[in-house]
Amino acid sequence: MTDTDRAVPMLQMEGITKRFPGVLANDSVDLTVLPGQVHTLLGENGAGKSTLMKVLYGLYRPDEGTIRLDGEPVSITSPSDAINRGIGMIHQHFMLVPTLTVAENVALGLGGRAGLSDMRPVRQRLAEVSERYGLHVNPDAYIWQLAVGERQRAEILKALYRDARLLVLDEPTAVLTPPEVEELFVTLRQMTADDKGLVFISHKLHEVMELSDEITVLRDGRVSGQTRPSESTRESLAELMVGRPVELTRNVAATERGEQRLAITGLNVIGDRGNTAVKNFDLAVHSGEIVGLAGVSGNGQRELADAIFGLRPIRSGQIAIDGEPVTAPTPRSVRQRGVAYVPEERMVEGAIGDFTVAENLLLVDYHQPPYTRRGLLNRSAISSWCNRLVENYRVKTPDIETPTKNLSGGNIQKVVIAREFTCDAEVLVVAQPTRGVDIGAAEYIHERLLEQREAGAAILLISEDLDEVIQLSDRVVVVLEGQIMGEVDRADATPRSIGLLMSGVRDGEASASAD
Amino acid sequence: MRKQSRTFTLLLALLAAFALLAAACGSDGGDDGAASDDGDGTSATEPAGDDGDDGGGGDALRIAVVAPSASNDLAFTQSMVDAVNAIGETRDIQFDVTDGTFVVEDAAAALRGYAEDGFDLVVAHGSQYGGPLQEIAPDFPDVSFAWGTAADTFGLPNVYAYTVRADEGGFVMGTIAAQLSESGVIGVVGPVEVGDAKLYVDGFAAGATNQDPAVTVNVNYIESFSDVALAAEAATAHVGNGADVLTGSAQMVVGATGVATESGVAWFGTQANQTALGPDVVVASQVYHWEVVLADIIAGIDSGTLGGEVFIATLANGGLVIEYNDGFGLDDAVRTAADATAAGIADGSISTGIE
Amino acid sequence: MSEFFTVSVLVATLAGGIRLATPFLLAALGETLGQRSGVLNLGVEGVMLIGAFAAYYTALETGSTVAGIAVAIGIGAVMGLIYAFLTVVMHAEQGISGIGIFLFGLGFTDLLFQKQVGTPLPIPGVGKAPIPILSDIPHLGEIFFDHNPLVYLAFLLVPIMWFVVNKTTFGLNVRAIGQTPEAADTLGVSVNLTRTFTIVIANCFAGLAGAALALEVGIFQQNLTAGQGFIAIALVYFGAWRMPWVMSGALLFGVVSSTVLQWKTLGIVSGPSSSLLAMAPAILTILVLVLVSRRVSAPAALTRPFDRAG
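Protein chains in written order, with our numbering: chain L, 33 to 547; chain E, 24 to 378; chain W, 1488 to 1797.
Among the clues, some could well be false.
[Stated by the list, open to error] Just some of the chain L residues that point at chain W, by a computed CB distance under 10 Å:
# : residue
1 : Y89
2 : H123
3 : H125
4 : L128
5 : S149
6 : R194
7 : T434
[Claimed, not checked] Ranges of calculated distance between the beta carbons of each label pair, as one might list FRET restraints:
#  : chain 1 : residue 1 : chain 2 : residue 2 : range
8  : W       : G1582     : L       : R405      : 34 to 42 Å
9  : W       : L1497     : E       : E205      : 20 to 28 Å
10 : W       : A1564     : E       : G341      : 49 to 57 Å
11 : W       : L1680     : L       : V284      : 20 to 28 Å
12 : W       : S1735     : E       : D354      : 48 to 56 Å
13 : L       : E356      : W       : S1735     : 53 to 61 Å
[As the list claims (entries may be wrong)] List time: in silico SDA-like cross-link candidates among lysine to any residue, alpha-carbon distance up to 25 Å:
#  : chain 1 : residue 1 : chain 2 : residue 2
14 : W       : K1654     : L       : G472
15 : L       : K311      : L       : E267
16 : W       : K1654     : L       : G147
Hints are computed from structural coordinates only; laboratory data are not their basis. All C-beta atoms, glycine included, are put in the ideal place defined by N, C-alpha and C.
With the rest of the complex left out, here is chain L (with noise of 0.2 Å):
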C-alpha cells in the first residue's frame, strides 16, 4: 500500500475478526481509509461487510484486531460514541423516523439548549450543508411525504450534520434511478474534495468501477482482494466476490419469436393516488421472446404488472392472452391462463415470511394433486418436490422447514422464481428479479430466464436495471409516465439509447422505426 505512505489513515482497521455462534464473520479483516478517498468495500450478501461496518460503528465488539482513527487506536464503544469520533453512517434501510421532519430527524440525539428543540438553529444549519454539498431537501417536511431519493439526502445531511469526517455508504445506489445515482456522485466527489472519506459499499460493479479510488473484496469474512479500478474489471472483481469466473456479458442467440402471446390494448389504469398510472399503453409479447419493460421507478410499471396480474382495477383498454381477452381478471383466473408473477416486492407479495420454504413454494400449486389428496396436504409428495426444486434451483437453506424470512434475498428471490417457473406458465411476468440480490444469485436467475425463452415462454421483464434489460431483452421498451417513449431492439439497445429515452429525450427518427 504506497498510499498510506502519503497521508496518515483516517481509518485503519487491522485484524479484525468477530465470531458469532457458529460463524466467522469477519476473519481478520484489514481496511485502510485516506482522507479524500472513496474506498469501495465489495462482496456479496453475508460476506462480512455489514459486520465489519457495525464493528466500525460501536454497534459490535470485535474479538480481535485493532482500530485506528487518524493513527490513534480507539475502542468504539456505541454509535454516539462513533459518531462523536466524526464517523457516518449511511444505512442501506434508511434510520429515518417517518413521523418526524427532515429537521428533527437530523436535530434527534443531538440535545438543544436547556432540553428544548428548537428547530430554527438547525433549519439554518441544514441550509448551509445542503448547499455545500447539493443536498437539497425541505427541512419541515415530513420523512414520509419525501421519494426514496430525498430520504436519501436526508440521511446523509444526518451525518455530515454532525460533521462525520468519514462516511459510510451502505448500497447508496440499490434504490435510487441512475439520475438520482448520479447526482449522488456528484455528492459524494464534494464530500472526497473536501478530504472527507467514504467507505462506499455495493456491488454494482460498473458504479464500483466509477467511483472507487480502493476497493476491498471479502468473500465469507475475508479479504479475498484489494484492488483499484485501474488495475481490475469488472469480471475480475465479480470472480474475487463469487470465487469463480463469472459471466457478466451474455452472448443471447436470437431466437425465433413464435406466436404471440399477452397483448395488452389501449390500457389504461389507476394508481394509488387516483392518478392514470398507465395511459393508452399497447405491448405484444411473443412466444420465445423477453421483452424488457425499462423504465424509471415509480412510472407505471408496478401498476401495469398489478394490473396484468388481477391485482388492480383496469379502468379501460384489453389484456389478451392467446387471443383471448381476460375479463374481470383475478389472481386466480389469470393463473389459469397460463401466466406466473415474480413481483417486484418479493417479501411483501411473492413470498410470506413466516411460512417455510416448501410452504411458500406451493402458495400456488397446494391445492391441487398430487400435494392435496380429498383436501389434505400429502407430506411425502410435498417434500420431495421441494426438495428438488430447493436443489434445482440452489437455494441456500438448511431445510425445506426453515421459516423463508430467516433466508438472504437472494435466496428468497430463489423460492419465488421457482416457484412460478415450474408452474408451467406460458407467460412470465417478472419484475425487478435482481435487485437487493448478490452476483451469483442474479447470474443464476438471469441463466433461468433465458432457459424459460428458449422453452419457449413470453416473458416480460420489468427492471429499473439497465444492464439487466439490456442484456437479457430481445426488444426494450421505455415506459415514462405510464406511457411507452419508445422501443429498442437488441441491436440497438446501449445504455445510452434507452437512458435518453427513460428521461424522456425521443430522437425523432428512433421513435417513428420503434414503431
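Since the structure of chain L is provided, determine the placement of chains E and W on it from the hints.
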C-alpha cells in the same frame, strides 16, 4: 417464541412473589377477629370460622358464602357475612367466604368448589348468580344452596331462596326524610333498577310522599354497583338541584355519603349500618339481619329439607331492623312516629303500597 | 327537558364533567406519553387502584392529603420501574404484562384494604380551592375555577405534557423511539432508558390519577376505579396520541356522563331509557374510536420491544 414464554414465566413468578409479599403484609394487621373472610378470593379454602377451632370436624355446620363485593362493604355483602357470624355465636359452624366475585363466572367456580368440598350450606349471595346456580345445584343433591335476593327456587329441592322487604324500612325512613327536608327535595342514588335496591328506593319514595305529598323524590340510578366516582357525582347533582336529604343503595354509595358529609345533608343508609361513613349526617340505617332467614334455612336443613322454600326478611320477623345514629340527634317525636310506622308495617296495619 | 337548560343546571353539568374527567385525564396523559414512546400499559387501572389506596391509606393514617398524593406518585414510580423491567428489560409481552399489573393492583389493594383498614372509613379528601378573582366570574368561575387543586393540576399538565412531547429534546426522542427506535438508536439515543423514563412518568400519572379519585370521593373501596384506567387507555386512542385531543376526549366523556346524571336527577329520563342513556359515554367512545382509527395510525413501534438486531 422460546424467549417469549420464558419471560412470561418470569412475569408470573414475579407476580406470585408480589402476591406472597402482599399476603405477608396483610396478615400483620388482620388479627382483629372481626373480619371473618380471608380477603382474597383466590385463597378461599382457608377456614376462618369464629368457633370452628376444632378443625372443622365433628358436628360443625359448614357454611360458605359467595358474594359480589367486599365482605366489609358496609352494604350488601357485609350484611350476609355479619349474619353468618351471628349464627356462629349460637352454634358450632365452620364458615368460609369468597367475596369480590363481581364476575359471575368466578362466582360459579367458587359455588361449585364449595359444593365439591362438601359444605352443608352454600349461599349464593347475589341475584346475578341464579343462572349458574340453576346448573350447579342439581349436580350436588346432598348440598343445600341458598340464593338471594330472589324469590325463585327453580323448583329444585335443594335450593332455598331468600329475599328482603327492603321497601318496609325504606318506607319508614322515607317518612323521616320528608320531615327532615326543608327544601322539599330528596335525592336517591341507586345502582341498577332491580332487586332489593329497587324495593328500597320505591319504599323510601312512597314513605316520603305518603308523609308529605309536596315532597319531590329524585331518583338517579347510575347503572353501576361499583362506580364510586359516579355515585359521588350523582349525589353532587342532587345537592345542586336542591336536595337536602339523600339516601342510596348498594356498595358504591360510599361516594355519595362523602358528598352528604361535605354538604352537610342528612343521609339514610340501607343494607348495613352506615353510621361510620358519616357520623354527622347519617340519620338511620335499615340493617339486614339475614340470620333470621338463615336460622329458618338451617332449621330446614336440620330437619332434612334441603330447599324448595322462599324466606323473606321483614320488619315483622326481625330480619329488618332500623338502627338509628344517636350522634345525629333526631327529634324524639319524629323517631317515636317512625317507630309507630314500623310497628304498623310489622303488624300489617300499614302497607308500603309496593308489590 | 327545559329544566336542563337553566344556567345553574348547565353550570353544574359542566363543572361535574370536569370533575369526573380529572382522574382519567391524568391517567390518559401519562399513558399517552408512554404510548408515544412505544410502550402500551394495560395495567393503568391496577396502578390507579394502587395509587388510590396509597393516597387513601396515607391520608387516613397521617391526616395529610399532600402526603397521600406524594406516596401515590411514589408508588406509581415503583410500579413503573417494575413494568419497565418486565417490558423493556425482559421484553415481556406488553398486553399480558399490563393485564398482570391490573389484576395484581386489583387483588393487592383489596387485600391491603381489608387487612389494614377493614370497613370503609371516610377521609377528609382534598377540599375545593376556588381560585381568587377567577372563581368570582359569573358561571365560568363555577365551571372552571371552583375545584380541588388536583383538577387544576390535571388540566395544567395538558399544555405541559404537550410542550414536553413537542418542544423538548426528550419529547423528540420519545416521538422517534415510538416510531422508529432503530433510527434513534443509531443516533445515540438510548431507546430503553428513554422508555423506562416514559413508563415511570406514565405510572406516576396513573398513581396520581388514583389519588385524585380517592381524595375526591374521600373513601376507598374494592375496585374503586371501576374501569377508569381502561377509559384512560381508550382516551389515548380517542385522542390519537395528541395531548389536547386526549383532553378533549376526557372532557367529552366526563360531560356526557355528567349530563346523563343531571337528566336522571331532574327526572328528564327514567326507566329503561335511562339505562340506555347510561351507556352513552361508552357508545360515544366506540363511535369516535371507529372514526379515529380510520384516520390516524398508532406509533409504529407500539408494543414492540427494542433489541439491537444481532
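- Message: Quick check: does the Cβ-Cβ distance between A1564 (chain W) and G341 (chain E) fall within 49 to 57 Å?
- Response: Cβ of A1564 (chain W) to Cβ of G341 (chain E): about 53 Å, so the range 49 to 57 Å holds.
- Message: Please check whether E356 (chain L) and S1735 (chain W) have a Cβ separation lying inside 53 to 61 Å.
- Response: holds (58 Å)
- Query: Using the C-beta atoms of L1680 (chain W) and V284 (chain L), is the stated range 20 to 28 Å upheld?
  - Reply: violated (58 Å)
- Using Cβ atoms only, decide whether S149 (chain L) comes closer than 10 Å to chain W, and label the hint accordingly. holds (5 Å)
- If you take the shortest Cβ to Cβ gap from Y89 (chain L) to chain W, is it below 10 Å? holds (8 Å)
- Sort out whether E267 (chain L) lies within 25 Å of K311 (chain L), counting only the CA atoms. Outside the cut-off at roughly 40 Å; violated.
- Item | L1497 (chain W) versus E205 (chain E) beta-carbon gap, inside 20 to 28 Å or not | holds (26 Å)
- Task: Double-check L128 (chain L) for me: the hint is only fine if its C-beta lies closer than 10 Å to a C-beta in chain W.
- Result: holds (6 Å)
- Task: Hint says 34 to 42 Å; check whether the CB-CB distance for G1582 (chain W) and R405 (chain L) agrees.
- Result: Roughly 40 Å apart at Cβ, these two residues keep to the hinted range, so it holds.
- Minimum Cβ distance from H125 (chain L) to chain W below 10 Å? With a minimum Cβ separation of about 8 Å from chain W (threshold 10 Å), the hint on H125 (chain L) holds.
- Message: Can you tell me whether the CB distance of S1735 (chain W) to D354 (chain E) sits inside 48 to 56 Å?
- Response: holds (51 Å)
- Task: Tell me if R194 (chain L) is really an interface residue toward chain W, meaning its C-beta lies closer than 10 Å to one of theirs.
- Result: Since the shortest Cβ distance to chain W is 8 Å, the answer is holds.
Checked against the numbered hints given earlier, the structure breaks hints 7, 11, 14, 15 and satisfies all the rest.
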